[in-house]
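Novice: Each chain, letter by letter, is given below.
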Amino acid sequence: MRAVACRDRSVALRRGGAGLLLVLLTALSTLVVGSPAHAATTPCSPDDATACLNVTVTVPGTGPAAGVALEVEGEDGTVTATTDDAGKVSVALTTAGDYTVTVDESTLPAGTVLRDPDENPAVVTVALGRSAGRIVQVVPPGQAPPSGQTETASPSAGPTTGAAGTDLDAGAEAEASAEASAGPGTNRYAQLVLAGTVFGVLLALAALGANLIYGTTGLSNFAHGELVTLGGMTAFMAVQWWDLPLWLAIVVSTAAGGLAGWLLNRVVFGPLRRRGVGVTQQMIVTIGLSLAMLSGFLFFFGARPAPIVSGISQRMQIGPVQISGQSLVSVGIALVVLAVVAFALARTRLGRATRAVSDNPALAAATGIKVEAVISRVWIVSAALASLGGVLLALYLNTTRFNFGSTLLLLMFAAITLGGLGSPLGAVLGALVIGLVVELSTLVLPSDMRYASALVILILVLLLRPQGILGRAERIG
Amino acid sequence: MDYGQLFTNVLNEMLGPTAIAYALAAIGLNIHFGLTGLINMGQAGFMLLGAYGFAVATIQGAPLWLAFLVAITAAVIFALLLGLPTLKLRGDYLAIVTIAAAEIVRMVGRSTALTDITGGSEGLTGNAFKGTFQDASPFPDDRWTLGPITLATNTSNSWWLRIVGWSLVLLACLLVWRLIRSPWGRVLKGIREDEDAVRALGKNVYGYKLQALVLGGVFGALGGIVFVLASSVQADSLGRPVTFNTWTILLLGGAATVLGPVLGSLLFWGALVFVRGFLRGVVPPDVLSVQQIEQIGWILVGLTLMMLIIFRPQGILGDKKELAINAH
Numbered sequence: 001m002r003a004v005a006c007r008d009r010s011v012a013l014r015r016g017g018a019g020l021l022l023v024l025l026t027a028l029s030t031l032v033v034g035s036p037a038h039a040a041t042t043p044c045s046p047d048d049a050t051a052c053l054n055v056t057v058t059v060p061g062t063g064p065a066a067g068v069a070l071e072v073e074g075e076d077g078t079v080t081a082t083t084d085d086a087g088k089v090s091v092a093l094t095t096a097g098d099y100t101v102t103v104d105e106s107t108l109p110a111g112t113v114l115r116d117p118d119e120n121p122a123v124v125t126v127a128l129g130r131s132a133g134r135i136v137q138v139v140p141p142g143q144a145p146p147s148g149q150t151e152t153a154s155p156s157a158g159p160t161t162g163a164a165g166t167d168l169d170a171g172a173e174a175e176a177s178a179e180a181s182a183g184p185g186t187n188r189y190a191q192l193v194l195a196g197t198v199f200g201v202l203l204a205l206a207a208l209g210a211n212l213i214y215g216t217t218g219l220s221n222f223a224h225g226e227l228v229t230l231g232g233m234t235a236f237m238a239v240q241w242w243d244l245p246l247w248l249a250i251v252v253s254t255a256a257g258g259l260a261g262w263l264l265n266r267v268v269f270g271p272l273r274r275r276g277v278g279v280t281q282q283m284i285v286t287i288g289l290s291l292a293m294l295s296g297f298l299f300f301f302g303a304r305p306a307p308i309v310s311g312i313s314q315r316m317q318i319g320p321v322q323i324s325g326q327s328l329v330s331v332g333i334a335l336v337v338l339a340v341v342a343f344a345l346a347r348t349r350l351g352r353a354t355r356a357v358s359d360n361p362a363l364a365a366a367t368g369i370k371v372e373a374v375i376s377r378v379w380i381v382s383a384a385l386a387s388l389g390g391v392l393l394a395l396y397l398n399t400t401r402f403n404f405g406s407t408l409l410l411l412m413f414a415a416i417t418l419g420g421l422g423s424p425l426g427a428v429l430g431a432l433v434i435g436l437v438v439e440l441s442t443l444v445l446p447s448d449m450r451y452a453s454a455l456v457i458l459i460l461v462l463l464l465r466p467q468g469i470l471g472r473a474e475r476i477g
Numbered sequence: 001m002d003y004g005q006l007f008t009n010v011l012n013e014m015l016g017p018t019a020i021a022y023a024l025a026a027i028g029l030n031i032h033f034g035l036t037g038l039i040n041m042g043q044a045g046f047m048l049l050g051a052y053g054f055a056v057a058t059i060q061g062a063p064l065w066l067a068f069l070v071a072i073t074a075a076v077i078f079a080l081l082l083g084l085p086t087l088k089l090r091g092d093y094l095a096i097v098t099i100a101a102a103e104i105v106r107m108v109g110r111s112t113a114l115t116d117i118t119g120g121s122e123g124l125t126g127n128a129f130k131g132t133f134q135d136a137s138p139f140p141d142d143r144w145t146l147g148p149i150t151l152a153t154n155t156s157n158s159w160w161l162r163i164v165g166w167s168l169v170l171l172a173c174l175l176v177w178r179l180i181r182s183p184w185g186r187v188l189k190g191i192r193e194d195e196d197a198v199r200a201l202g203k204n205v206y207g208y209k210l211q212a213l214v215l216g217g218v219f220g221a222l223g224g225i226v227f228v229l230a231s232s233v234q235a236d237s238l239g240r241p242v243t244f245n246t247w248t249i250l251l252l253g254g255a256a257t258v259l260g261p262v263l264g265s266l267l268f269w270g271a272l273v274f275v276r277g278f279l280r281g282v283v284p285p286d287v288l289s290v291q292q293i294e295q296i297g298w299i300l301v302g303l304t305l306m307m308l309i310i311f312r313p314q315g316i317l318g319d320k321k322e323l324a325i326n327a328h
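For the record, the sequence lines run as chains A and B. Taking full-length UniProt numbering, the leading residue of the first sequence gets 1, the next gets one more, and so forth. Taking full-length UniProt numbering, the leading residue of the second sequence gets 1, the next gets one more, and so forth.
Everything hinted at is true.
Listed next, with one range per pair, are the computed distances between beta-carbon atoms:
1) A:Trp247 to B:Pro284: 35 to 43 Å
2) A:Asn360 to B:Tyr3: 54 to 62 Å
3) A:Leu443 to B:Tyr3: 58 to 66 Å
4) B:Thr125 to A:Gln317: 45 to 53 Å
Just so you know, the hints here were simulated from the structure itself, not pulled from any lab data. As the structure is a prediction and not an experimental result, all values here were calculated from the model. We treat Cβ as the ideally placed atom computed from N, Cα and C, and that holds for glycine.
So here's chain B without its partners, still in its complex pose (with noise of 0.2 Å):
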């Protein structure tokens, strides 16, 4: 077995565009669930809500700024919807709620009613929406190879999505190192800790929440952007277990951590991509076939997020005395 295309493969899909929006989704939920202790479970419904907003402006004729304002809104506008109503309940009314709205937001998406507009259950194709973006890279339309990675430099799955992307991802890991150390950010630790002290204390614990809500959600937003940059707009990509993935990486991370949920998503899909090839070379294929071996891949996760819940829920760089899991 090539253990050299294996490892190249692990480090292109490290720095590629699904471990970006991965990122950029668990940096918004650790803003949910790391500073507020809010429990989101609907951070897929905001990533597509962003790609659906960002592709439908694009294919309107906005330009590139429009396209990522009118994103941005629309996770805006959702994270009020949830957040209103829900934010005075116990916290798993909200992650009933907000898994629910995920849930509508894709349906909706793909019914066949809106074939016009979103695709319906095919989606958008790449190309429909990718233009501006595309123009907007100040380099030539070539090939450029890094070490053992060779790719476009502008079109699809390219160098200037990738750079784009982690840069999206240093701004985002700045302003919540930032935001940890504001007075801002130390109400919220307070919300998560004990929200009746907060409150004893004169804050507006529900307008503290909502706008963490709102502001984890758009980083939500902002990685469905990349996410469909890379390959195309289709509801059922940022489903259910996009949510459920995004959790894992921010727990295997370290909730409530400024690096915490990058080093999640660059281990996770590294993690993942090594254990489907290396079973790819060591398994013959008559005993597992290529789609059981990427199932075994998805069960690991599962039980990793089990395990790590378990045995260590302050992931890799959290601090358990800080991070007590509890909903409220």
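Next up, chain A with everything else stripped away, as it sits in the complex (with noise of 0.2 Å):
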């Protein structure tokens, strides 16, 4: 029964597709056809007084819509455009301020609306010597989620609505992967093995810190989620802000990770640890650190999505599958330093000594082991791949957001449990497994509900099998 339905469901979705993919190529036909001038937008590239405003509209998995009229207003006057044949719109502006960005809704590719219709119109700062971007995204009708929900951050208007700062955590899990949705050409099946796949091995470099410290302090740092989203947003400012190419941004948002960690332990942890305080204690300690940082994210960046890249990068085809270039260079940066972590645990003698803290640090420190030192670089190690992950993690999600690595910290969470608490190895198995099950279950479930069912197996292995795959049965105690 439940086969068949599903079934039914994936034959629908394909035809779905299929069906917007026509609606875009007549569209595009008609575009072409009727005003040949559009092609050709001027790039803008922004000097000393021109500032560019680029806006991008996209159907997610099927590509950008061309043909949307959209209107700009604000201190430069009112300027109306067209977007290309790559869905995007490049105005210069010579005066700095606030821009009113409308899309015109008549002129979506017909069976799309927006998927944020209360973000339009949107209002986009523009500063003179750099580029502002903004994606919008458009969406068959039916996975348009309800009004009301990208705004998370209402203002609250009277001091009775004490609750309105409570629902930091709605938005981020509407956030699907271009991955995942199969676009023409592509089986489905293989799209979500890949996606999952993908996602996983992200989602292991992320959480792969979290299961160091855990080895060596005993630690469940709650704060986790926030380094990652430490790496996305200092990637964001550094690519968007200070206009530094893509890799040095990874760089720079890995080493202010890094920071990050060595502060944690330098202010807040290693003395906590030095005054005997419970390891119990101390995970409430993350938890308001974790409450700090994203309203921190929260105050400096707003609610709206921040992404990395503005635009869409182009997808390339791979047998029955299709993958953006970005996705493939991300996996590739995180297989090779899941890689250098592997082997520096299993060879150097740093990795040794982690492994021989993680044991027994009792032990470790008889032997001449100085246990601090190792915690300190642990914690080091640990947030700098927490703030890789996270940067890795946005360009593959597309976006990075205030609250993107605190929806992230459950499944982060699931995987090293599920890996086994404390082994490294057992958390990049744990992140593969979590990022298929998340990306699989919308065979069966609605998308909204992905990352519900790791949580699920996350709950099932405690029951079954609560030292995880490769855990140690005498760690659950």
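Take the two lone chains and join them into the complex the hints point to.
Specialist: Dropping the structure here:
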């Protein structure tokens, strides 16, 4: 019964995808025939007197939407423009300030609506010498989230709405990766397996640090998700605000993560350990830290998605699946880093010392290992890995957001619990399983319950095999 | 800046349904953590289940008492589901399982698949389920003024809700006060201090922990009902941060004390509204927007939680000797 329903669903989806493509093709052809001038939008490059406002209209999983009319209104007056074949509009502006971008909903490709109708019109802040970007996503009507969902941090009018700040979790689950949605010419199952593997590898990178910290200090770090966000946000600032190239942004965010890890251990957790504060108290400290950092990100960046790279990366067809170049590079970096970490743990002095501390800190200290120095380096490495993972995940998910790490936190916990708390290889295995489950669960469950399925696995693992795949039974006490 | 208005707002918030709801949730958490030493990181899940149980039952036509019963039953079942597999494991496993389970409840509740029942991410509007509660009020529909505060007697964020809410808090405090002094409460405290010792005395530690988890969860569900009777059921308004706030409240007032959770809730909401209102009055809006001031409040909450644990884990009313936070 269930299998039949599921097959019907996937067939319907595939048909939906094909229909959408047809519609898009029609829209494209009419555009090309109707107004060839639009194809040659002059690219805008920011300089001291010019700012660029780039708007990209895209149908997730299908591609850019051409021929969408939009209006940019602000200090420079009103400019109307139409998206080109790449779904882009580039408006050159000579005055800094807030500009209102209004998408004309009647010009969207037939059969689609705005994904976030509440964000139309949207206000984009433009500064001279910089590019400001905005991605407008359009989807078939059924996939549009109900209005109000994206306004996660609506200002509260009076003091009585005490709960306004508490819905920090909303919204981010709706962010689906482009990889998961099967475009034309792909096999849906193969595509989902690929998407799950990619997500799993990136998740492994982010989760590995949490497991290293757990292994050496016994601490479940609830602020680990915020370290992931830190990476994504630093990369966003580096690319969008400071105009650094992407590779340098990745390096900068990894370094920022390492610095944050060093600081946290130096200022907060090192002193707590010296005072003999228990692991449970430390865990509650990480919760406070996570709340403070989450609100801090919201304070500085607002609730809007902050895409590191504006625009959609080109997708390539490999056999029955499609993958964007961006994701491919992300996975490549993640695999190399994971291999380096695995090698370091197995062969280097620090790696051996780390494993010795994980096994038995007292014994390690007795054999002459400086336990505190090892823990300090583990914090640095762990936070740097989290930040790097954050950048790569943000590239994969196409955007980052103030709460993007905290929505992934429980998936990371699920991954390391499944793999075995304290076991680095287990974390990688666990993350792969979680990644696959998250993506493949969309075959039978609505996609907004993807993350829930991973949490069900977490609970089942604790029920059936609490030490996880590679963990040791004595740890669960 | 208008200090009179500011203090009226602070007073209103301290007496309001949010403070009541959090006080009830913190009383429940106190039974988990303060008395038994269980690290429940999913109190918001209990609140949300209580809210859904009450609202959905009422919408389906259940009378008031049945709606309360449905909410309580939902919390009991949830506690059993969580407790049965995990209470034999070490403490931080319960923490991870409860936080994950609370998230599952929230994600399922806001899922588009259940829009017919739970309203999806838009939730259930207050008017759909407030009727039976408001009809139970003995007061005429009117507006009453007490000191600087004027509110409707019955509708929504009303005097009636405040009277019922604070009565619930009072009853809960009386119950906890009796429990702490009962043999049952002494066993719980024994489990908190040294589980093995209690087991050596022949007590069924697992059973006691389960009872504590269920009882505390029921108070969480009651808190959830009060919370939504003032506004609407919206899954995202009862997410992880709610649990963290409840922890801050409990640790602020003092875990393992009778009045600690109530004092904590009063101070927490009073201080939060004061800081926001004060900053809004002092800082010009072009320096910090309203949203940013709101975030400053939450940053302070996070820092308060950290500072409390580090410098004063017993809170305001607690006894440091009694409370050694250690997971079992």
